[in-house]
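So the protein lines, in turn, are chains A and B. Under our numbering, the first sequence has 175 at position 175, and the numbering climbs by one with no breaks. So our numbering is basically just the index in the second sequence, starting at one, shifted up by 234.
Heads up, some of the hints might be wrong.
Okay, derived cross-link-like pairs now, DSSO-like style, lysine-lysine, Cα gap no bigger than 30 angstroms in a straight line [claimed, not checked]:
#1 Lys124/A / Lys346/B
#2 Lys346/B / Lys127/A
#3 Lys332/B / Lys127/A
#4 Lys332/B / Lys80/A
#5 Lys45/A / Lys346/B
#6 Lys111/A / Lys163/A
#7 Lys310/B / Lys241/B
#8 Lys43/A / Lys346/B
#9 Lys43/A / Lys253/B
These are calculated hints, taken from the structure and not from any lab test. Computed from a predicted model, the values in this text were never measured in an experiment.
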Amino acid sequence: MTSNNRTPRYLTMAVHQIKNPIYVLREYIETLSSEEIGELNAKQKEYLQAALENIKNTEDVINDLVETLRMEEKGEEFKKEEVNLGEMIESIVQGYKFFAKANNSNIVFNKPEEKVSPVLTDRKRIKYVVDNLVSNAIQYKERGKEGMVEVSIEEKESEVLFKIKDNGSGIKEEGDKVFSRFYRGKKGIETSPTGIGVGLYISKLVVESSGGKIWYENNEGEDGVTFYFTLLKS
Amino acid sequence: MSEDKKKLLMIEDDSFLRKLYRDRFKKEGFLFTEAISGEEGVNKIYQELPDVVLLNVLLPVKGGFELLREIKDDSKVKDIPVIILTNLGQEEDIEEGKECGATSYLVKANVKFSDVVEKVKEVLEE
Chain A
1 MTSNNRTPRY
11 LTMAVHQIKN
21 PIYVLREYIE
31 TLSSEEIGEL
41 NAKQKEYLQA
51 ALENIKNTED
61 VINDLVETLR
71 MEEKGEEFKK
81 EEVNLGEMIE
91 SIVQGYKFFA
101 KANNSNIVFN
111 KPEEKVSPVL
121 TDRKRIKYVV
131 DNLVSNAIQY
141 KERGKEGMVE
151 VSIEEKESEV
161 LFKIKDNGSG
171 IKEEGDKVFS
181 RFYRGKKGIE
191 TSPTGIGVGL
201 YISKLVVESS
211 GGKIWYENNE
221 GEDGVTFYFT
231 LLKS
Chain B
235 MSEDKKKLLM
245 IEDDSFLRKL
255 YRDRFKKEGF
265 LFTEAISGEE
275 GVNKIYQELP
285 DVVLLNVLLP
295 VKGGFELLRE
305 IKDDSKVKDI
315 PVIILTNLGQ
325 EEDIEEGKEC
335 GATSYLVKAN
345 VKFSDVVEKV
355 KEVLEE
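Construct all of the structure, not just a fragment, from the sequences and the given hints.
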């Protein structure tokens, strides 16, 4: 990343300042919801719950933005740690089982029989990448069809290859558009209207900062898309 | 009766948050006092000698970390526990807070009022 591409510090600070009124709003609504200053009727509770859910969505958007700015601001301070990708994936996939079921989807991790070598990357950030890819694969399914998501890893000569395959509607956009900052595809807007289109952008920054590659291919002869990334072995 | 009550100083520039915390900490049995800038905060620490301070970081005139460094350098007030309550949640911010002498560090996005009260009580018991 070139230095003139970096995010100014004032912008990062401004985003932090936006978080404050949202926190205050959440605190007020949670206080009302707790009924400690007066009882609420069912309709009032329902409305406050809806308000809280929207606050949560807004906080998620801001956190994504903070992560983006942070990656751009501090890209050069990227950590290189030994990470056991298999263990990380197993735990993330396990955590998504319930969410997948609620979305009429299944998710499996095809754990390799042989132990896969650790990779060199920033643990916290690569977790964000895997989490983001898993969450996308589950969410961007075709309406009315049962979703199927398969995650696997494979050891290559000098790197480890990560794959996540879904049976959704695939990617209609051309080239690498989906990895652009703030890019929102039609499907993304329909599925997750409050997102800001930085998940794949951050993922690309993270993988490339680790010396790896990230790309996707629409599945040949069947529905869906497969995302791949590679990371260097430690 | 008020002598049994613990005095909490909140240094926070957001008036809505101060109001909510004022109401709720009073309900929890605290004596609540407040400051809206780092500079006013330092003055209140010396004037009122609170039992515990709840400190924001991004504050007008004087920031929270600067305030913390200042009071931790003065034996008159250095033992007053300070809990940081901020939106800055990056590792380096937390490290800086600890280095400046904060007793505890809470990130607003990750806590509810009940967590803050619990932390304040825990710190007072130490």
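The hints, checked one at a time:
no.: 1; hint: Lys124/A / Lys346/B; verdict: holds (24 angstroms)
no.: 2; hint: Lys346/B / Lys127/A; verdict: holds (26 angstroms)
no.: 3; hint: Lys332/B / Lys127/A; verdict: holds (26 angstroms)
no.: 4; hint: Lys332/B / Lys80/A; verdict: holds (25 angstroms)
no.: 5; hint: Lys45/A / Lys346/B; verdict: holds (18 angstroms)
no.: 6; hint: Lys111/A / Lys163/A; verdict: holds (12 angstroms)
no.: 7; hint: Lys310/B / Lys241/B; verdict: holds (17 angstroms)
no.: 8; hint: Lys43/A / Lys346/B; verdict: holds (24 angstroms)
no.: 9; hint: Lys43/A / Lys253/B; verdict: holds (27 angstroms)
Checked against the numbered hints given earlier, the structure satisfies every one of them.
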